[in-house]
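Each chain, letter by letter, is given below.
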Amino acid sequence: MELTELLLESIGTLAVNKLRTGLAILGIVIGIGSVIALVSLGQATQQSIQNQIQSLGANLLTISPSAQQNGAVRGAIGGGTTLTLEDAKAIETSPQVTSVLNVSPEVQSRKQVTTGTNNTNTQIIGATPAYASVHKITMATGAFITQRDVDSVAKVAVIGPQVVTDLFGDGATPIGQTLRISGQTYTIAGITTSKGGSGFQNQDDIIIIPLSTAQKQLMGVDYLNSIALEAKSSDMMTQAENEVGYLLLARHKLNTPEQADFRIFSQQDILNTANATTGMFTSLLSGIAAISLLVGGIGIMNIMLVTVTERTREIGLRKALGAKKNTITTQFLAESIMLTFTGGVIGILLGILTSFIISRLLGSLFIVSPSAIALAFVVSAAIGILFGWYPARKASEMQPIEALRYE
Amino acid sequence: MPSAPSIIDVSHLRKVYRMGDIETVALQDISFTIRKGEFVAIMGPSGSGKSTLMHILGALDLPTSGTYILDGENVERLSEDDLADIRNRKIGFVFQAFNLLPRTTALKNVTLPMMYAGIPKPEREDTAKKFLELVGLGNRMYHTSNQISGGQQQRVAIARALALNPAIILADEPTGNIASAQAEEIMAIFQKLNSEGHTIVMITHEPDIAEHAKRIIHVRDGVIVDDSSGHKQRKAVLHHGTD
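Sequences listed follow chains A and B, in order. The first sequence stops at residue 409 when you use this note's numbering, and every number in between is there. The second sequence stops at residue 244 when you use this note's numbering, and every number in between is there.
In case anyone wonders, no lab produced these hints; they're calculated from the structure. Hints may be right or wrong, so weigh each one.
To be verified - Per label pair, the in silico range of CB-to-CB distance: (1) A:A383 / B:P46: 33 to 43 Å; (2) A:G24 / B:S7: 25 to 35 Å; (3) B:Y18 / A:L355: 25 to 35 Å; (4) A:E312 / B:T65: 29 to 39 Å; (5) A:W391 / B:G177: 33 to 43 Å; (6) B:Y18 / A:E312: 24 to 34 Å; (7) A:F358 / B:D127: 50 to 60 Å; (8) A:G24 / B:R19: 24 to 34 Å.
To be verified - Here's a subset of chain A near chain B, in silico, CB distances under 8 Å, partners left out: (9) A17; (10) V18; (11) K20; (12) R22; (13) G24; (14) R112; (15) K113; (16) E316; (17) L319; (18) L323; (19) G324; (20) T329; (21) P402; (22) I403; (23) L406.
For every residue, glycine included, the Cβ atom is placed at its ideal position computed from N, Cα and C.
If we strip away everything but chain A, and leave its shape as in the complex, we get:
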């Protein structure tokens, strides 16, 4: 008996009782569908978080002051005032540091910003021209902060598109106009292009002013809040972290890394944490979906057992006419595999549709994972074999006389 013929015959048998077949595969449809949908959604979330983090700058290291050990008293994290512009310059010029491409010293603070009519509260960043390359800022119109602006302590500002919308209305280009930050008047020199970020460090809702102006005029400080570094390549991140770390330890007259009054975060660390978090959520949700797949498999087994009992006479007849044990086993296995496989295909389509609809509703990425689909195919066929085996075996072991007599 050929395989294609066997499969065609099992389709015919299953088509006879459409309602039951439909109900039997429902569990598989829901199981496979939810695995596909959840894995796709998880991957889409992961991808969009990755994109967002990478948009903050490639190969980015951030140095920030950490809690300072002062005798037995430990200060607040990030509250330190130990990073200075001299530290940044030293990193840039030291011959020990070979793996760093750009150094961006930064101060930042939230301030109230007004025009004549509108006002908003936003992040003010004091920066040098290096900020643009380190943080991958590109200009929509106008120019970024120049070295001359920094040298002359100029009152100029580069603003993000969100700030433009908040203060001047959607689509305005207020180059040359002024705004007031804490009562000081700044002239708008440029507008950055949108990065589409949201929530966590929105790169569109910032105002960048020269570092010197921020330190001396606006905030009245002489330290830095952070120094952002761009490593020459992603392979050199660790090297850069070490070089800069030891340089700063020496400059701050500290002996061991444990005493450090600063911390270095790499973009990769943040990315890894985010990946681990979303990955955990994805596997957790897929795990729950997999349980529904298991329940679906048990449903298939139940239906197959009922089918075998119902068709006892047919099995007896087939055996009387010459069907061997394996032929009967294969016949019923083919039916259960056909059931789960059909359920799998419908489930995959349903899962893709669901993740498409959700991505549309949330405005997020739409990703269909080919590996999840391949896995779903294999898993649904495997469930057919696994849960169809016992009923098929039971059918094949029936004695022809008993089976023929069965009413």
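With chain A's structure known, arrange chain B on it following the hints.
Quick look at chain B alone, frame taken from chain A:
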């Protein structure tokens, strides 16, 4: 035809069913030979052991002891799959309840044993059509089993039994579920097949059906009480049996 080769040769067949501690002897000591071209009826009241005998002759069950040679092959100690093979090649079954596949065409039903014999599909269908025409169902080939009458269903079953040109046709109460007019048609087909050389063994408890056979073996309490081929003898036994 005393010189014809023997198709069925059983000697000292014994079948004991064991349920817990209780033993039931279904067949005590059965010996007979059926030769090619015979038309034999095995008769007996219910509980006589004739169904057990039919199951053993049909290779559906094995005897407890004794030998059974079917068309030159020793059957009594074969594995389940070898028995399936013997049934497939050597025996054409006709059951009381027809036992056709439900919601399946007559044609498909007749091809079933050929499918298990590994015959390619086109050849199967040609053979099936030929035998359906032989039993007078040339115009009902694509009717499903629930669309035709009992007599027609039994004719499909006969076509199915003939499909692989078996050594014997084994019919178990073939007219038991059929109206008497149609039963006559079925018996006419059997007689025609027998006249063409087919060996037929039929189990029945109805004397007027058994009359169509050339030889009648009477079974009672697991032993053969009479085995007669003469017409007159048979009449006498029938009288005796119905007393």
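Consistency of the hints with the structure:
Take A383 of chain A and P46 of chain B: their Cβ atoms lie about 54 Å apart, and the range 33 to 43 Å is violated. Checked against the hint of 25 to 35 Å, the C-beta distance between G24 of chain A and S7 of chain B comes to roughly 55 Å, which is inconsistent with it. Separation of Y18 of chain B from L355 of chain A is about 60 Å and departs from the stated range, judged on CB atoms against 25 to 35 Å. E312 of chain A and T65 of chain B have their C-beta atoms about 33 Å apart, which keeps the hinted 29 to 39 Å range intact.
At roughly 38 Å, the beta-carbon separation of W391 of chain A and G177 of chain B lies within the given 33 to 43 Å, and the hint holds. The hint said 24 to 34 Å for the Cβ distance between Y18 of chain B and E312 of chain A, and at roughly 27 Å that hint holds. The given range of 50 to 60 Å is respected by F358 of chain A and D127 of chain B, whose C-beta atoms sit roughly 52 Å from each other. Distance hint for G24 of chain A and R19 of chain B: a CB-CB separation of about 46 Å, inconsistent with the stated range 24 to 34 Å.
Look at A17 of chain A: its Cβ only gets to about 10 Å from chain B, farther than 8 Å, so that hint breaks. For V18 of chain A, the interface hint holds, the least distance from its beta-carbon to any beta-carbon of chain B being 6 Å, beneath 8 Å. Annotation: K20 of chain A was flagged as interfacial toward chain B, and the flag is violated, the nearest CB pair being 13 Å apart, outside 8 Å. Contact between R22 of chain A and chain B, as hinted, is not supported at the beta carbon level, the nearest pair being about 14 Å apart and thus beyond 8 Å.
For G24 of chain A, the shortest C-beta to C-beta distance to chain B is roughly 18 Å, which exceeds 8 Å, and the interface hint is violated. Evaluation of the R112 of chain A hint against chain B yields a violated restraint, the C-beta minimum of about 77 Å exceeding 8 Å. Proximity of K113 of chain A to chain B is violated relative to the hint, the smallest CB-CB distance being about 81 Å (cut-off 8 Å). Checking E316 of chain A against chain B by beta carbon gives a least distance of about 6 Å; that is within 8 Å, so the hint holds.
Annotation: interface hint on L319 of chain A holds; nearest CB of chain B at approximately 5 Å, less than 8 Å. Satisfaction of the interface hint for L323 of chain A is found here, the shortest Cβ-Cβ separation to chain B being roughly 4 Å, below the 8 Å cut-off. Nearest Cβ of chain B to the Cβ of G324 of chain A: about 2 Å, under the 8 Å cut. The hint holds. Evaluation of the T329 of chain A hint against chain B yields a held restraint, the C-beta minimum of about 7 Å falling below 8 Å.
With 8 Å as the threshold, the beta carbon of P402 of chain A comes within range of chain B, its nearest partner Cβ sitting at about 5 Å, so the hint holds. At about 5 Å, the closest approach between the beta carbon of I403 of chain A and any beta carbon in chain B falls short of 8 Å, and the interface hint on this residue holds. For L406 of chain A, the shortest C-beta to C-beta distance to chain B is roughly 7 Å, which falls under 8 Å, so the interface hint holds.
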